[in-house]
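Enquirer: Chain residues, written in single-letter form:
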Amino acid sequence: MSGRPHVIGLTAAVLGTVSVMLLPFATFRASRIQTGSVLSTFEAVGPWGLAALLGVWLAVASVSTGRTPPASAAVLRGALATVALLGTVALSAYAVERAAEPALPFARVSLGIGAWSTIGIAYAVILSSRRETDVGRWARLALSAVPPLGVAVMLWTGMLDGLAIMLEYANQADRFWVEVIAQLTFAGIAVGVALVLGVTLGVLAFRRPRLRGPVFAVANVFQTIPGLAMVGLLFAPLSWLGSNVPVFERMGVGGLGWAPVIVALTLYALLAIVRNTYAGLASVPPEAVDAGIGMGMTEWQVLRRVRFPLAMPVIFGGARTAAVQTLGNATLGAFVAAGTLGLFVFGGLSQQAPDLILLGSVTLVVLALGLDGVLAAAQVLISPRHRRGREGATP
Amino acid sequence: MRAFRHITGPFLALGVYLALASATPLWRAALGALFPDETRILYPDVTPLGLVGQHLELVALSSAISIVAGLALGIFVTRPAGADFRDTVTDLSNIGQTFPPVAVFTLAVPLLGFGVQPTVVALALYGVLPILRNTITGLAGVPATVLESATGMGMRPAERLTRVELPLAAPVIVAGIRISVIVNVATATIGAIAGAGGFGAPIINGLVNLAPAVTLEGALLAAGLALVLDALLGGIERTFARGRQSEDASLTRSR
Amino acid sequence: MIAIRDVSKSYAGSERAAVDDLSIEVPAGKVVVLIGPSGCGKSTTMRMVNRLVEPDSGTILIDGRDIRELRPERLRRHIGYAIQGVGLFPHWTVAQNVGVVPGLLDWDRERIAARVEELLVLVGLDPVEYGRKYPHELSGGEAQRVGVARALAADPPILLMDEPFGAVDPLTRDRLHAEFRRIQDTLRKTVLFVTHDMDEAVKLGDRIVVMRDGRLVQHDTPERVLAYPADGFVASFVGSERALKRLSLAPVTEALGPASAADGCDCSVAASASLREALARILELGAPAVGVHDDHGARIGSVSLETIVERFRRPLT
Numbered sequence: 001m002s003g004r005p006h007v008i009g010l011t012a013a014v015l016g017t018v019s020v021m022l023l024p025f026a027t028f029r030a031s032r033i034q035t036g037s038v039l040s041t042f043e044a045v046g047p048w049g050l051a052a053l054l055g056v057w058l059a060v061a062s063v064s065t066g067r068t069p070p071a072s073a074a075v076l077r078g079a080l081a082t083v084a085l086l087g088t089v090a091l092s093a094y095a096v097e098r099a100a101e102p103a104l105p106f107a108r109v110s111l112g113i114g115a116w117s118t119i120g121i122a123y124a125v126i127l128s129s130r131r132e133t134d135v136g137r138w139a140r141l142a143l144s145a146v147p148p149l150g151v152a153v154m155l156w157t158g159m160l161d162g163l164a165i166m167l168e169y170a171n172q173a174d175r176f177w178v179e180v181i182a183q184l185t186f187a188g189i190a191v192g193v194a195l196v197l198g199v200t201l202g203v204l205a206f207r208r209p210r211l212r213g214p215v216f217a218v219a220n221v222f223q224t225i226p227g228l229a230m231v232g233l234l235f236a237p238l239s240w241l242g243s244n245v246p247v248f249e250r251m252g253v254g255g256l257g258w259a260p261v262i263v264a265l266t267l268y269a270l271l272a273i274v275r276n277t278y279a280g281l282a283s284v285p286p287e288a289v290d291a292g293i294g295m296g297m298t299e300w301q302v303l304r305r306v307r308f309p310l311a312m313p314v315i316f317g318g319a320r321t322a323a324v325q326t327l328g329n330a331t332l333g334a335f336v337a338a339g340t341l342g343l344f345v346f347g348g349l350s351q352q353a354p355d356l357i358l359l360g361s362v363t364l365v366v367l368a369l370g371l372d373g374v375l376a377a378a379q380v381l382i383s384p385r386h387r388r389g390r391e392g393a394t395p
Numbered sequence: 396m397r398a399f400r401h402i403t404g405p406f407l408a409l410g411v412y413l414a415l416a417s418a419t420p421l422w423r424a425a426l427g428a429l430f431p432d433e434t435r436i437l438y439p440d441v442t443p444l445g446l447v448g449q450h451l452e453l454v455a456l457s458s459a460i461s462i463v464a465g466l467a468l469g470i471f472v473t474r475p476a477g478a479d480f481r482d483t484v485t486d487l488s489n490i491g492q493t494f495p496p497v498a499v500f501t502l503a504v505p506l507l508g509f510g511v512q513p514t515v516v517a518l519a520l521y522g523v524l525p526i527l528r529n530t531i532t533g534l535a536g537v538p539a540t541v542l543e544s545a546t547g548m549g550m551r552p553a554e555r556l557t558r559v560e561l562p563l564a565a566p567v568i569v570a571g572i573r574i575s576v577i578v579n580v581a582t583a584t585i586g587a588i589a590g591a592g593g594f595g596a597p598i599i600n601g602l603v604n605l606a607p608a609v610t611l612e613g614a615l616l617a618a619g620l621a622l623v624l625d626a627l628l629g630g631i632e633r634t635f636a637r638g639r640q641s642e643d644a645s646l647t648r649s650r
Numbered sequence: 651m652i653a654i655r656d657v658s659k660s661y662a663g664s665e666r667a668a669v670d671d672l673s674i675e676v677p678a679g680k681v682v683v684l685i686g687p688s689g690c691g692k693s694t695t696m697r698m699v700n701r702l703v704e705p706d707s708g709t710i711l712i713d714g715r716d717i718r719e720l721r722p723e724r725l726r727r728h729i730g731y732a733i734q735g736v737g738l739f740p741h742w743t744v745a746q747n748v749g750v751v752p753g754l755l756d757w758d759r760e761r762i763a764a765r766v767e768e769l770l771v772l773v774g775l776d777p778v779e780y781g782r783k784y785p786h787e788l789s790g791g792e793a794q795r796v797g798v799a800r801a802l803a804a805d806p807p808i809l810l811m812d813e814p815f816g817a818v819d820p821l822t823r824d825r826l827h828a829e830f831r832r833i834q835d836t837l838r839k840t841v842l843f844v845t846h847d848m849d850e851a852v853k854l855g856d857r858i859v860v861m862r863d864g865r866l867v868q869h870d871t872p873e874r875v876l877a878y879p880a881d882g883f884v885a886s887f888v889g890s891e892r893a894l895k896r897l898s899l900a901p902v903t904e905a906l907g908p909a910s911a912a913d914g915c916d917c918s919v920a921a922s923a924s925l926r927e928a929l930a931r932i933l934e935l936g937a938p939a940v941g942v943h944d945d946h947g948a949r950i951g952s953v954s955l956e957t958i959v960e961r962f963r964r965p966l967t
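Protein chains in written order, with this note's numbering: chain Y, 1 to 395; chain E, 396 to 650; chain U, 651 to 967.
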């Protein structure tokens with residue numbers, strides 16, 4: 001014996017094996033909206049596919065017993081999990097090929113709960129490997145980058161084009177990108193407006209203690225009211241404005257369309273930005289402020305040149321939270337004839353068309369994770385530690 | 396009782412809310428006066444109170460599942476037996492919280508089916524995450540000296556958990572429950588599309604049929620319920636935090 | 651009585667043993683102070699007594715019984731435990747904090763209330779005023795007192811104290827020391843006390859155990875540790891003023907000269923005073939000697955620089 005067994009690795013191997021053996025790998029439907037029949041892993045990908053998946057989990061288990069030195073075990077486990085993840089996606093393409101029947105040209109194959117849980121479990125193992133101290137910087141980077149890149153390559157080469165979700169995409173291709181752009185545009189505009197309003201209110205709450213309670217209370221109310229209810233509350237007043245005030249009429253304001261979406265999203269995004277602006281300004285070390293005052297800065301200069309730069313990472317963090325939330329909430333546009341991915345998601349729900357729901361929701365999740373990742377990277381870039389590193393030479 | 400002073404207000408508000416919701420004629424009169432030209436005033440199939448019942452059922456069931464699962468998992472990974480899972484569970488719940496709640500809901504529905512029960516499970520799935528995260532944060536935040544004192548005085552692990560750790564973590568855990576419940580109230584309005592009823596039904600019905608009164612009925616009921624529950628859970632949060640230095644709750648919350 | 655016999659403990663990932671074949675006895679009713687630099691194993695030693703840490707080898711006996719015979723929780727409920735930073739439960743009032751262990755032992759409510767009141771009086775806190783306060787409303791010194799009261803709550807025969815006065819200012823600490831001695835003089839607990847402060851050790855301990863790298867370096871009375879440090883390490887640890895520290899340990903009665911030496915001087919110290927106080931008077935007055943009087947004011951002798959030097963020259967037993 002050389003080390004402790006790796007509990008996550010062993011648990012994942014057991015759960016992974018259970019997913020492969022007992023849960024349906026895929027669903028087969030004769031057409032888009034017919035109820036499907038489930039396929040076990042054996043039925044979906046044949047004996048070799050089944051053996052390959054079981055083999056990977058067995059390998060994960062064997063490097064997790066504690067006999068492999070921890071450093072190489074962590075990297076190996078991450079690599080094996082990456083194989084399990086990408087292998088499952090690749091096997092789904094193979095399942096489509098195996099299930100194809102000339103008699104049923106509109107038949108569809110989509111991933112079943114077993115395949116999804118295999119992907120989820122594999123990803124959990126990748127996450128745990130990435131955390132391990134023995135894993136070097138490059139291995140860590142590879143573990144982060146290879147899974148999404150692998151899926152992207154498979155998408156790019158058309159390997160997955162036979163999957164139900166991709167057939168659905170092919171059906172919707174022209175509308176798809178229009179709605180993705182609508183989704184991003186609504187979220188972008190709303191967060192932009194919320195940033196201007198929210199930072200102003202945050203500064204106000206900081207400078208005027210008496211306003212702090214009311215500002216937070218109102219922002220909290222806006223975030224607490226469900227998005228759909230907010231859109232509903234705005235329906236009548238915005239309709240009235242749009243048909244009675246010429247300026248708004250020309251701008252296209254109405255109970256339906258872009259106006260309720262932008263207003264609802266902006267109000268919803270306020271709290272995170274106001275709160276972080278206030279918290280950021282309040283958390284600036286008093287010594288820094290004293291130093292500024294001591295050098296003869298005015299109150300306004302202290303705010304602009306000392307407090308704001310130091311509070312920036314916190315404010316940015318609030319903007320990041322707000323942006324990711326807003327991106328998801330923009331689906332509300334579908335309810336007020338403003339488009340967005342909500343059209344697919346909610347359209348799919350009401351038509352009971354699972355592939356359409358999946359197309360919309362998976363895209364939504366990818367966009368949210370992508371945005372969060374980009375903003376997280378940006379947050380690191382603007383954080384003080386980075387700045388200190390770069391300007392290390394100047395005292 | 397001083398101990399209950401933070402929740403008497405919210406409880407009164409809940410009572411007023413339910414009383415107003417049950418006064419169907421009042422709704423008809425008020426919305427009729429607001430929209431004199433409209434023929435469609437109230438949602439035809441269900442009374443306002445009936446909508447509240449449907450919505451509360453969805454939220455109560457899903458939140459109950461979320462609370463039990465989130466607490467149990469959060470407690471497990473902060474015990475020695477589950478310590479190996481803690482980092483990975485934390486990572487997963489952080490990533491899960493980046494998912495739009497709507498997407499979690501809509502991803503779960505096709506896998507689970509349409510109707511009330513799948514909607515409840517789908518809501519519960521996302522609702523676990525904030526509770527799980529806050530349970531871990533809260534339990535991990537109990538000072539080491541306090542834990543050592545408890546052990547050193549002869550408390551068994553279970554006594555230590557129930558008498559020291561959970562009470563100390565309670566404000567943070569309740570803050571997580573508050574976030575979870577409010578998100579569930581909001582996501583449950585979408586449940587109407589999956590055939591689960593609730594406030595989403597009149598809101599969407601009114602938007603689709605251009606009947607602003609019907610939409611406003613659902614929107615007011617939904618906003619009211621969310622605000623009342625938020626106040627109630629906020630009050631419970633403050634009640635648990637009594638005796639400790641008050642922190643600005645709005646600053647320590649994040650959604 | 652606590653008997654620690656041939657106990658060793660190593661932690662995973664550390665080459666050196668935290669505690670290496672250590673044997674110590676704490677006689678009933680006495681205070682033994684474990685002292686040494688950070689990482690010398692003193693806290694680990696203490697934590698093995700209430701089984702917060704299990705030794706790799708060796709045995710620990712309390713009143714002749716192996717502590718492994720008892721479930722850890724039962725054992726701990728009969729050992730008072732006070733630590734640095736106090737570890738008061740922030741969600742309970744002072745009274746609730748002090749009443750924890752009696753509660754765990756299923757005392758009835760009235761008995762707990764009476765005990766809490768008694769203890770708060772003992773540590774010098776007004777039960778009415780302080781009983782209902784929460785820990786965050788206490789000063790550092792008050793919190794330490796509550797910590798001590800809590801450790802004493804179930805009247806345990808044994809107390810373990812890990813730098814219980816570590817986090818307070820020097821003045822408060824002096825006061826807490828005096829009170830600890832006063833309480834110990836009445837209660838006569840068997841106390842194992844951990845500190846890294848030699849002044850505290852000298853003041854509070856009946857015996858001092860100096861530790862280094864998990865091993866016992868010297869086990870002696872405070873005065874002998876000051877007078878005869880076992881090696882250079884102990885000498886540097888007790889400090890270059892160790893002779894001055896000894897002065898405060900020895901009563902004037904141990905260096906009495908003839909009463910006539912102080913004739914003509916109106917100055918006098920009580921028989922209970924330490925040599926340190928006597929020396930201070932001598933320096934203050936510039937007199938060759940000061941008189942010593944008993945409780946009735948009758949002069950029973952004198953102390954001079956010569957008698958003090960003579961006292962220090964005498965070997966200690």
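These are calculated hints, taken from the structure and not from any lab test.
Incorrect hints may appear among the rest.
In silico contact screen, one side only, chain U against chain E (beta carbon under 10 Å); selected entries [claimed, not checked]: (1) MET651; (2) LEU702; (3) ILE717; (4) ARG721; (5) GLY737; (6) ALA804; (7) VAL818; (8) LEU826.
Glycine is no exception: its CB is placed at the ideal position from the N, C-alpha and C atoms.
Enquirer: Look at each hint and say if it fits the structure.
Expert: Hint check:
Taking 10 Å as the C-beta cut-off, the interface hint given for MET651 of chain U is violated, the closest approach to chain E being about 20 Å. Nearest Cβ of chain E to the Cβ of LEU702 of chain U: about 6 Å, under the 10 Å cut. The hint holds. Annotation: ILE717 of chain U was flagged as interfacial toward chain E, and the flag is violated, the nearest CB pair being 13 Å apart, outside 10 Å. A distance limit of 10 Å between C-beta atoms decides the matter here; for ARG721 of chain U the minimum to chain E is near 9 Å, and the interface restraint holds.
A cut of 10 Å between beta carbons decides the hint on GLY737 of chain U: the least distance to chain E is about 3 Å, and the hint holds. The interface hint given for ALA804 of chain U is met, as the beta carbon of that residue sits about 9 Å from the closest beta carbon of chain E, less than 10 Å. The interface hint given for VAL818 of chain U is violated, since its Cβ lies 15 Å from the closest Cβ of chain E, which is over the 10 Å cut-off. Annotation: interface hint on LEU826 of chain U violated; nearest CB of chain E at approximately 18 Å, more than 10 Å.
Going through the hint list in order, the structure does not satisfy hints 1, 3, 7, 8.
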